[in-house]
Every structure is written in C-alpha cells, then in structure tokens.
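**Q** Sequence:
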Amino acid sequence: MAAKLLRYALFTALAVLGYKWGLATAPALSATQDLSSETTEIPSRNDFAALPCPSEADFLRMAAEVNLVVPEGPSIDQACDQSPRALLSKSLLLMTSLKIKVPQDWPEPLRSDMLNSFEFLKKNVSKLSLDLTQKDSIAYNKVSAREIYLGGRFFTTEPLGAVAILVHEARHSVKTAPGHEYCLSGDIPRTAGACDAEFSLEDSRNGAYGYGTLFAIAVALYGEDVSKADREYLLIDALVQLGARFNKIPDALARKVDVLAVLGPDQRIYLVHPFLHYARPLNLAFGSADEHPVRIEFAPLHNGLLIYTSKGQVWQWSSLKGLQRLYEKLLTPTMSVADVARLRVPFQEQTSYVVREQSGSLKFIEYSPDLNERVLTPYPVNFPRTNGPTPDIQSMALAMYDDSVFLDKAGALYLAPHFGNENAFTRVPQLQSPQGWTSLNGGIIYESLNLIDRSGQNHWAGMNIVYDSSGGDDSGILRQYEQKVSLMQTQVPMKKFMEGLRVRTALDEQGRLSVWKDASDAKVLNLGFPIKDFVMMQNAETREPVGRTTQEPDKFKKQCGVKRSLRDPWLGRGIGVDHDNQIVMAGARDGECVRMTEQELRSKTPYFD
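At position 50 of the sequence shown (counting the first as 1) the number is 67 in my numbering, and the numbers step up by one without a gap.
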C-alpha cells in the first residue's frame with residue numbers, strides 16, 4: 018500500500034506539473050486539485066513582501082506554543098517589514114493557516130503530521146531560536162535536546178519553502194526517524210549528512226528530507242485555497258528534492274540518466290537525443306537580441322546549465338526552472354563575469370557560488386545577517402605574493418572531498434584550504450604537469466578531478482585521506498594526492514572532459530564529441546555540425562511503462578500505431594510500445610516513426626541500459 022500511494026502521489030504530481038522534459042502522466046486526479054481547471058484567481062502566499070503579519074499578541078502566542086526565542090526588535094504592530102522577527106511571524110502565521118485534506122489512506126503518523134504542520138512542529142521542538150552566526154546554514158536541529166536553530170539562509174527562502182524547512186527540522190526530533198547520510202549524487206554529492214538514505218512512506222525509513230518533500234506534495238495536491246503558482250512551486254521543489262536529496266528512490270518512480278547539451282557553431286544550445294543522435298535546439302531569450310552563449314557548464318542546484326554569454330553575464334537553465342539570471346540582484350549587468358563555480362569556501366560551513374570577474378577579483382555569495390539578504394563578499398583567502406605576481410586564475414571547480422581547485426593561465430593547479438592560513442593557497446607537487454594544464458572539471462559526481470594537459474591528454478587526479486593517530490589529534494590527518502593518465506583518448510587533442518553518472522564524454526579540438534561506457538567502447542556522436550562546448554546534466558526518467566503523451570498524443574498514436582505511450586525524457590517527444598511490443602519513437606522530423614528493439618537500441622547508444 019505504501020509503495021502504491023507513493024507512486025500515485027508522485028505521478029499525480031508529475032502529471033499536474035507537466036514539466037518541460039516531460040515525464041509519464043498519472044491516472045485520473047480524483048481527489049486531487051486539477052491546476053488546469055482552476056478558474057478562481059487565488060493570490061499567491063509565496064512572497065514574504067505580500068504576506069500579512071499577525072498582531073504582536075498573536076505572534077507572541079504562536080511563539081510561546083513552539084518555544085520560540087523571540088528575536089529583539091520593534092513589535093510587529095509597529096514594523097511589519099523584512100526583518101527576521103517579522104519574517105518569522107509571517108512564517109508561523111502561514112503555517113497555522115495552511116489547510117490540507119490529506120487522503121484517509123495515507124499511512125499514520127504521516128497523515129496526521131501533514132494535516133497540521135504547526136501542531137507537528139509544536140510537539141517536536143523544545144526550543145526554536147535564531148543562530149545568524151551560521152550565515153551559510155538554513156537550519157539545524159540539536160536532536161538530543163530537540164532544539165531547532167534557524168541560520169541565515171532560512172531568511173532567503175520563499176515562505177512555503179520556509180514552512181517545509183520547519184517540517185523537515187521537526188522530523189529530526191522524532192525518535193523513529195532515520196538521520197541523514199552521505200550523499201552519493203545530487204547537487205552536493207560526496208557530502209556527509211546531506212541526504213536521506215531513501216525516499217519512503219514507511220515511518221522507520223522516512224527521514225527529514227522525506228517529510229519535507231511529502232509536505233510540499235501534500236500542500237500542492239490537497240491544499241485548500243492554494244494558488245496555481247504556489248502548487249507549481251511546491252511540485253517543482255518536491256522534484257528538485259527527489260533528484261538531489263535521496264540516495265535511493267523506488268525503481269517504479271524514477272531513475273537518473275545522463276543528458277547531453279551542446280553549444281553549436283550557430284551560437285545556439287541543443288539537447289542531444291541519445292537514441293537518435295538528434296539535437297533539438299533550446300529556444301532561449303536572453304537580455305538583448307545580440308546576447309548569445311559563448312560557453313556552457315554544469316549548474317549543480319537544479320542539475321542544469323550555467324550559460325556564459327557574450328555580454329559577460331551568467332544565466333542558468335534547467336528543465337524545472339527554465340531560463341533565469343544567476344543571482345540577478347548580485348551579478349548585475351554592470352559586472353563582467355568570467356567564471357562561477359560552487360566551491361567549498363574557506364572559513365565557511367557550506368559550499369557557495371564563487372564568482373571570478375574579468376578583472377580577476379574573486380568574490381563569493383554569502384548571507385548577511387545585518388542586511389538580511391545575500392551579498393557578494395571578497396574571497397577570504399589570498400594567493401601568496403612571495404614568488405612573483407598573483408596567479409591569473411583561468412578556472413575553478415569543486416572536486417575530491419570538497420577541495421576547491423583553481424587553475425591559473427600558466428597551467429598550475431592550486432588547492433584552497435578550508436580552514437587555516439588566510440594567505441595560503443596550496444600548490445601540491447603531485448597534481449602539477451610539466452606541460453601545464455589547460456582544463457579541469459570536477460564533473461557531476463565530484464568523485465575525482467579530471468585534467469587535460471597542453472598535449473590534449475586527459476588525466477585523472479584523486480586523493481586519499483590517511484589517519485596517523487600517533488600525534489593524538491587532528492594533526493595526524495594527512496591528505497595524499499595522486500594523478501594517473503586516463504585511458505580515455507580522442508583522435509585529436511581534447512579540449513574538455515566530463516564524467517557523468519554512467520558515461521564519460523570528451524570534446525576534441527575539431528569539435529567532435531566522444532562518449533565512453535568504458536575505455537574500450539568509444540563512440541563519436543555525429544550531429545552534423547562541429548561542437549563548440551558541451552555539458553553533461555542529469556534528468557529523472559520515469560520507469561512507469563503506461564502513460565499518455567502530452568506531445569500531440571492522438572497524432573503520434575495514429576501515425577505510429579502505438580498502443581501505450583509516455584513522453585521521451587530527453588526531448589519531450591512521444592515514445593511508446595506498439596502492438597508487437599516494439600519500442601516506437603517520434604523521429605527528428607514531424608510524422609516520423611522510429612521502431613527499434615531493445616537490442617538495437619543498446620547497440621546504438623552508450624546511454625541505454
């Protein structure tokens with residue numbers, strides 16, 4: 018029953034959202050809200066500026082119920098503003114006002130907890146307090162004492178996201194709830210304590226991320242007086258959490274696949290179809306008609322693209338969020354950005370985007386408790402100047418157990434310490450090349466560092482942690498680095514190399530893209546044009562075999578003789594099964610039907626498994 022409910026809720030969520038790469042649709046919505054049929058305009062409650070404050074008396078009453086240590090400041094009656102005090106009052110008022118008709122067949126205690134999130138928080142917190150010294154933290158729970166602390170980043174979230182965070186933290190206080198584990202993938206892979214082991218409705222296996230995700234789904238599908246925009250926000254948030262915060266998702270629900278995006282000579286970005294070797298252009302509208310992409314990289318937050326443009330601007334695109342400026346309020350048009358990367362910043366608890374301007378200055382994005390917003394701050398570690406001028410940084414990446422790695426234009430590699438001397442960058446001898454490096458990439462999984470030297474040869478660099486307890490303290494922790502020549506080779510020198518979830522991909526100097534499942538299985542993708550740049554991303558692919566395509570379903574089924582279909586997870590086109598149980602796909606041209614057996618598909622692409 019739990020597995021059936023889980024599959025039903027999530028496929029219904031996907032059907033309601035209908036997001037851009039496209040996933041299988043769900044059965045009839047029955048008790049759920051059908052967003053497309055909503056005619057009454059309900060105002061959004063997901064903007065702190067538009068939310069009302071309670072009275073000071075009501076705020077203090079709610080604060081007492083959840084044991085909130087009330088922040089100092091003027092009363093809410095005097096200042097309903099954007100201060101942490103006022104934002105907390107709005108969050109608690111929103112939490113008490115959310116009404117959810119959770120179905121009777123949801124398992125207990127999950128159903129009861131979702132019905133009244135404020136009561137759930139109330140019974141699972143002995144103290145709720147601010148800790149703005151934790152500028153990069155959203156929230157944390159001292160589980161033994163059931164004390165919840167809200168960090169700086171809590172106040173940069175949307176209201177519905179803030180309520181889901183409170184539900185998440187309250188779940189940590191439940192004795193039967195499993196704790197977080199080491200992340201295997203997602204937007205912060207190889208990170209300790211940042212993921213749940215699995216996504217499950219079973220109480221003993223349902224962790225804090227599971228509760229937060231299910232709360233978002235419950236409000237989106239069963240919430241009363243929830244706007245269409247707010248439902249969509251919550252479903253997108255749930256899908257992002259599913260893709261990034263669980264080491265195991267039920268096979269019946271979804272799996273991760275590698276997706277390729279390439280930059281063509283016409284200055285357009287294409288998604289590459291791995292079955293048909295066909296590239297579909299993304300229709301992206303930037304700030305001005307003469308602004309176009311010049312480089313693309315992996316955006317970890319939504320498993321999408323970072324797009325660098327001819328105007329020195331950085332945009333991000335994903336199937337869930339679409340096209341947006343990266344930190345629009347901070348990376349303004351007056352700046353000229355050369356590089357951004359999500360790195361482990363020295364003296365900070367969390368990873369953060371680090372920005373390198375064309376002028377060479379390094380800054381990172383952090384939360385300012387004084388301003389109650391994100392700000393650009395000078396990078397806290399300086400390169401040494403004792404042996405000549407400051408290195409001219411070319412690129413940077415996160416790799417090898419959260420090491421922040423910098424490459425200068427002379428081809429030397431530097432590691433930034435996370436704690437320690439503010440003036441020291443480490444230049445590890447084992448990670449240098451006599452020829453000098455031209456490219457580095459931590460990839461999607463950040464498990465290792467991939468480097469390309471001036472001859473175009475790919476190298477793999479790794480790190481081992483060795484413990485020497487003879488000293489009796491942390492001084493006995495040693496990091497040992499090594500590099501090896503990769504077995505992956507292209508016909509002409511490489512320009513870029515990325516490692517995905519299942520395959521490795523390299524771009525050579527002639528604009529050809531090679532793909533490997535292993536060192537002896539290289540395939541060159543022939544797209545009909547030379548490639549300027551590429552990125553490997555992740556996408557969730559549903560494994561549910563029966564669904565209805567939303568891409569001209571009647572036309573596809575009639576033309577191709579399909580008896581059941583779903584949407585192609587790469588390009589959003591029809592894919593299904595005919596009456597002979599052969600896989601049928603909508604081809605590159607309108608009206609084209611491509612029939613292949615599974616064996617034929619396996620022989621055509623390194624992605625299919």
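Note that these hints are calculated values from the structure, not bench results. Hints should not be assumed to be uniformly reliable.
[Said to hold, decoys possible] Below 25 Å or equal to it, Euclidean Cα-Cα: the simulated SDA-like pairs (lysine to any residue) are:
# : residue 1 : residue 2
1 : 245       : 58
2 : 572       : 299
3 : 159       : 121
[What the hints assert, rightly or not] The calculated label-pair distances, taken between Cβ atoms and stated as ranges, are:
# : residue 1 : residue 2 : range
4 : 318       : 364       : 18 to 28 Å
5 : 98        : 150       : 46 to 56 Å
6 : 264       : 538       : 19 to 29 Å
7 : 98        : 609       : 56 to 66 Å
The beta carbon of each residue, even a glycine, is placed where N, CA and C say it ideally should be.
**Q** Quick one: which hint numbers does this structure break? Sort them smallest to largest.
**A** Violated hints (numbers, rising): 3 and 5; every other hint is consistent with the structure.
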